[in-house]
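Undergrad: Below, each chain spelled out in residue letters.
Protein chains: 4
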Amino acid sequence: MPALMALRKRAQGEKPLAGAKVVGCTHITAQTAVLMETLSALGAQCRWAACNIYSTQNEVAAALAEGGFSVFAWKGESEDDFWWCIDRCVNVEGWQPNMILDDGGDLTHWIYKKYPNMFKKIKGIVEESVTGVHRLYQLSKAGKLCVPAMNVNDSVTKQKFDNLYCCRESILDGLKRTTDVMFGGKQVVVCGYGEVGKGCCAALKAMGSIVYVTEIDPICALQACMDGFRLVKLNEVIRQVDIVITCTGNKNVVVREHLDRMKNGCIVCNMGHSNTEIDVVKIWKRRVRSQVDHIIWPDAKRIVLLAEGRLLNLSCSTVPTFVLSITATTQALALIELYNAPEGRYKQDVYLLPKKMDEYVASLHLPTFDAHLTELTDEQAKYLGLNKNGPFKPNYYR
Amino acid sequence: MPALMALRKRAQGEKPLAGAKVVGCTHITAQTAVLMETLSALGAQCRWAACNIYSTQNEVAAALAEGGFSVFAWKGESEDDFWWCIDRCVNVEGWQPNMILDDGGDLTHWIYKKYPNMFKKIKGIVEESVTGVHRLYQLSKAGKLCVPAMNVNDSVTKQKFDNLYCCRESILDGLKRTTDVMFGGKQVVVCGYGEVGKGCCAALKAMGSIVYVTEIDPICALQACMDGFRLVKLNEVIRQVDIVITCTGNKNVVVREHLDRMKNGCIVCNMGHSNTEIDVVKIWKRRVRSQVDHIIWPDAKRIVLLAEGRLLNLSCSTVPTFVLSITATTQALALIELYNAPEGRYKQDVYLLPKKMDEYVASLHLPTFDAHLTELTDEQAKYLGLNKNGPFKPNYYR
Amino acid sequence: MPALMALRKRAQGEKPLAGAKVVGCTHITAQTAVLMETLSALGAQCRWAACNIYSTQNEVAAALAEGGFSVFAWKGESEDDFWWCIDRCVNVEGWQPNMILDDGGDLTHWIYKKYPNMFKKIKGIVEESVTGVHRLYQLSKAGKLCVPAMNVNDSVTKQKFDNLYCCRESILDGLKRTTDVMFGGKQVVVCGYGEVGKGCCAALKAMGSIVYVTEIDPICALQACMDGFRLVKLNEVIRQVDIVITCTGNKNVVVREHLDRMKNGCIVCNMGHSNTEIDVVKIWKRRVRSQVDHIIWPDAKRIVLLAEGRLLNLSCSTVPTFVLSITATTQALALIELYNAPEGRYKQDVYLLPKKMDEYVASLHLPTFDAHLTELTDEQAKYLGLNKNGPFKPNYYR
Amino acid sequence: MPALMALRKRAQGEKPLAGAKVVGCTHITAQTAVLMETLSALGAQCRWAACNIYSTQNEVAAALAEGGFSVFAWKGESEDDFWWCIDRCVNVEGWQPNMILDDGGDLTHWIYKKYPNMFKKIKGIVEESVTGVHRLYQLSKAGKLCVPAMNVNDSVTKQKFDNLYCCRESILDGLKRTTDVMFGGKQVVVCGYGEVGKGCCAALKAMGSIVYVTEIDPICALQACMDGFRLVKLNEVIRQVDIVITCTGNKNVVVREHLDRMKNGCIVCNMGHSNTEIDVVKIWKRRVRSQVDHIIWPDAKRIVLLAEGRLLNLSCSTVPTFVLSITATTQALALIELYNAPEGRYKQDVYLLPKKMDEYVASLHLPTFDAHLTELTDEQAKYLGLNKNGPFKPNYYR
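So the protein sequences, as listed, match chains A, B, C and D.
FYI, the numbering for the first sequence is 167 to 564, going by our numbering.
FYI, the numbering for the second sequence is 167 to 564, going by our numbering.
FYI, the numbering for the third sequence is 167 to 564, going by our numbering.
FYI, the numbering for the fourth sequence is 167 to 564, going by our numbering.
Mixed in with the good hints, there may be bad ones.
Same chains, same names: a pair is fine if it fits in one copy or spans any two.
[Unchecked claim] Taking lysine-lysine and the PhoX-like style, the derived pairs with C-alpha atoms no more than 20 Å apart in a straight line are:
| no. | residue 1 | residue 2 |
| --- | --- | --- |
| 1 | 326 | 559 |
| 2 | 559 | 522 |
| 3 | 417 | 513 |
| 4 | 371 | 417 |
| 5 | 399 | 326 |
| 6 | 241 | 175 |
| 7 | 548 | 417 |
| 8 | 307 | 429 |
| 9 | 286 | 417 |
| 10 | 279 | 310 |
| 11 | 371 | 279 |
| 12 | 548 | 307 |
| 13 | 326 | 429 |
| 14 | 522 | 554 |
Read the hints as simulated data drawn from the structure, not as lab findings.
Keep in mind that this is a model prediction, so the values were computed, not measured.
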């Protein structure tokens, strides 16, 4: 991850995280290791637990432990193990965290529940996931958020890469690896035209599929029209499509009634979040191979269900290193920002990453593409009323 | 403009603008006429002047006058005429405006300068243009804005249509009408990868051009990379390109030094704003036909300059009715919102159009595409924590 | 036209057409002038008439005459003038043509009819158009073709440029100039998926239109499917589309019954050949501006008919110089080939341009794009069994 | 494979292959089983061997044997086994083949060498592969071809699907499965712009890669330009690209000198034919996982070589059933054509599949896409001079 390397290098030996004591709770992977080493090189002490009972790469956990990091995680933890690990991570004699890096909100939740006093020393929370961010906004609404929190999930760079650009590739990859389907000429309906839906639609259209879109939001609906997709209700096309893809973030988007009307061989999968979009609980399935089930009707009609309706791109393709690098760099910068912010800049609220930091994350990744940024002249900066080093856009710019 | 018709129809005889006295200053075109009739049908009284000395369609002005509207404008006004018209529009016995609809800020400026007391009765300003919005933010910063103002320029729907979708088509149209250039295989550099730049790049790439991009903002730069464009500094490619297009909103993006290095026959044009992007003031030109000049070097090298560096899409192509309809509908809704807002909702500040109104504008245009929106079930709305009628997205969503 | 210049240059003073006496019958335009000068520079004597009564550029004809060429043509000839010019062109004392360059077959037809003895000296015919080529094949079938003829219409390079690449641009240009229609979100049906249809479909899809295709040939139909277009019968979509484009080369593709079922405002145009595709003869029309008619139904429904059903790209857009250059270069090379071919290479039949010449035309146009061709090594040429200078593909390769 | 089913059904109980004795030598897969069953249902007797020592699916071979077919093949044959199987297949008492279905020419070669007298009874050869077809043309040139042969490799339908449409998907699939590379923003050079190269370029461009093309044929080169690709020599870009893809059909396209100049991490793979395109014989490699080798330089630079330079799409992705169906249907029709052709239609030469059969293959696959073909009216057919059932295009049409 050259961006984190560049970040270290640009620090030029300074330690912006000197004195920081970070407890983290994320997937334990090779990329996380590089992040922890970077935080450490920038002056922080780190203790870590896993945010998911399955995703820990044991060899990475072992290597980190050998390297002197306190890591509490292994692949295949039980529910009890999971909370025990988190507890061991934060509850240690003679060491109190002053920063939280969370992915999903479980660590934050645990501290709230068990060690609320810890928040007196904590300078801030950096939260990665949709779910964790949602919990923080609820805490904030309820007036219970007692430290500043940084919502890195909604930073522009991360959003575009996690969703639009990453899904544009992973929808193809996930479908090919599981089904070997040919895309050319296939009829596909994509439910939802947010960033994920836009990525899926663009990729499939480019491969020669005929794509229909469903939407609830008229703005996104109009964008789908202008991008060349027929905007329909699911029922209008469900009998004719070869592939159904959900990316709404909603629940029960595809239900039994739809499955009943699909044609034989139709492929159904989910690119949205969690596993709520396709209501497949009570239907009889037959596993044909890893991540692929056939739902078989009495008349022998078969529906091909991928990843049991869970996220196709997490289950059946890989997340490119480049995307993980954007996430890790964003997290590191958010920690630095919160830790070093002057008193009063951040209150007990949820914040988006400052535009300038978001731009900085992007700039650290440009060398990968041998991309050459233009600099404003003094005269131009003055004309635009901008600082030559940014931020270049208003905060709401996407 | 069926969307304005639909707006009227949905009002079902109610008069949300009853009592409103609107002074407007926009281009006087057939579309403006429909807008004025709509405002009138919704209960408003209207007086209008032109925001541009060239753009008035005299037959429209005449027809409006015949129809009983007070319109002060003609094609080819002098500078003095221009301000006389604006003055006649606002300065009338026994009638005081309570709403301003402005495009460029000249009308607002005039009232500030000549009739500041009018603001006591004015409930709000609706401003259309980049320049006008800029002026309003400056007033606001300086603490001099004395009524609420609605920045309709930055509403999502308008931005996407005015910039991304409209420019995707008008860049091709403008270049073809002026030069008959074949796009296939041409090397093109597009300066700036905002919405306008994104539209230009997408269109030219689709037509088989090889497109390079320059950017100052690392986030937009990274997007250009992911969309498949080489990110360069202008100097790196200026010798080899066949077409140079500016869309930065900046000044002096293409200067004499660049022109000197371009190859014979290179086409130079501006899709950004105003006429500042290309510095062509002192160079000897020869008009070869309307909107097309040749800049000729002593060694006979010719550069083809379009529209003297002014906006290509305004000068050399047409703005589709559909785009104008989006603008007019947005303006009408903004007037209704400001006029009917309960005391205290809006302070002396500049506001973006509420998300819900933005979505409403979009929804009024969906029937044109025979597009069928999906409705949330009660259960889904509850799950998402949304009202079934929207707004569906946070305000910062683009 | 730099390709013709390059052709002259590569001849290095040799005169491959020394002794050639060419009678030509083509559009008389600036490009034709360059062709005639090139033929002359390569040693030929030329006499020319126009192949169309409207298309002559009088100033070009005048300049050619001044330059010593015998040109018989003016803009707006009568039918009688037309044949008189052709006759003057061929029937001259003390000069007998030995090569024919024809576009449409009228010149060839005239000589057949009036001066059949001339064919004794004629070494060959180069024919440009679909119609002219069709006539030659009929002569050949009937055993009446008495000299070799070169069908340059079907050379790969010409076909791709005249049809696929040129139409990809001119369909957009023609529609914009006549109707200012916005392409995004529009539903379009394209009748015919040959090269012209492929170009139209690709362009409109790229601009965000939803495109349906009709076809009679299952191979082209399958290609349409793989390229992402719904293959339908015209009746299935005629009620819902915004634009109808014919490019079949057939007759009565759009008939009264279809017009009756189109929706209000539907645009109808022809990119195929001649004016047979849309059967509009007996319908009442109103001219709204040049090339645009409204067909108005008793219930006020309006259909927008472009160019009266004649070729949209010829009537309402321009043919890029680049495409004309390909044509002229192909014609010049075909003349050289036929004139210099050893006895017996060509019999009394219709021939396609030899692959090698077709490749040569292409190679003369590569410098325009700063394109760098790779050369085979001796070892590679041997491995492939090819001559290093081509031809590189079998004759049937497209 | 519904197309073969449809073929059987349309035969309506007739046995166009009654009396045919087919020896086949192809990959032994599930699709081949369906082909053999189809041939059998149409009246043929079949004996089969494998054309490749690795590709036999043992369970398919077993099932065919159980079903009464004589199949001589297993996965992992030795060289000796291979020829023994072929010999057993053809050399059997009391049974003499009268048709050959070959893929690669080994079966044909064996009969020529060992049992030349068999050709007295053989009515024709159907050959599938580039290599096999090449051998047949050489036999023909040498005057040694003693029966008619059908080159099904070059039929339009097969070419487009095997090459253009299939590779458009498999290049992405092969790269993702082996390297998880993100395509967005990557610089890629594609060597060769034939059908395979066109497919690769279109896919990668659509995914946001920046694609350069090398070509030896000026016609293909010009097409690359018009499609928006920079045409370069390999040396011009070799230092900067992230991915190198060969699809030339040539040898030594990427050689040591190129590998030396590539940047660290560059991915190199072959989509052309055989394993000659990349000269990697003598370089030290380290296998990192199946199909992926690292070539490591003394300075630690690594090149990622896929499939040892063999065909990426065969080694690292799957061929869609749809493409296999096209091949099998084409083979079946070619057998029927040769077997039933009246005396004298085919001489001792190599033939392309008649256009009408090619169209028939396509038509059998349209129902998969719910594609509705338009039928000519009598009047239209007459106008075009075509039979209503085709063929619709001249033989050279691609």
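Undergrad: Each hint needs a verdict: does it hold in this structure or not?
TA: Hint by hint, here is what the structure shows:
1. 326 - 559: For residue 326 and residue 559, both the intra-copy (16 Å) and inter-copy (16 Å) Cα distances are at most 20 Å.
2. 559 - 522: Within one copy only: 9 Å inside a chain, 24 Å across chains, cut-off 20 Å.
3. 417 - 513: neither (34 Å within a copy, 39 Å between copies)
4. 371 - 417: Classified as neither: same-chain Cα gap 26 Å, cross-chain 32 Å, threshold 20 Å.
5. 399 - 326: Neither: 26 Å inside a chain and 24 Å across chains, both beyond 20 Å.
6. 241 - 175: Classified as neither: same-chain Cα gap 33 Å, cross-chain 54 Å, threshold 20 Å.
7. 548 - 417: So residue 548 and residue 417 pass the 20 Å test across copies only (10 Å; inside, 49 Å).
8. 307 - 429: This pair counts as neither: shortest intra-copy Cα distance 46 Å, inter-copy 51 Å.
9. 286 - 417: neither (38 Å within a copy, 50 Å between copies)
10. 279 - 310: within (12 Å within a copy, 49 Å between copies)
11. 371 - 279: Close neither inside one copy (48 Å) nor across copies (51 Å); limit 20 Å.
12. 548 - 307: between (40 Å within a copy, 17 Å between copies)
13. 326 - 429: Neither: 34 Å inside a copy, 28 Å across copies.
14. 522 - 554: Classified as within; 11 Å inside a copy, 35 Å across copies.
When held up to the earlier numbered hints, the structure conflicts with 3, 4, 5, 6, 8, 9, 11, 13 and fits the remainder.
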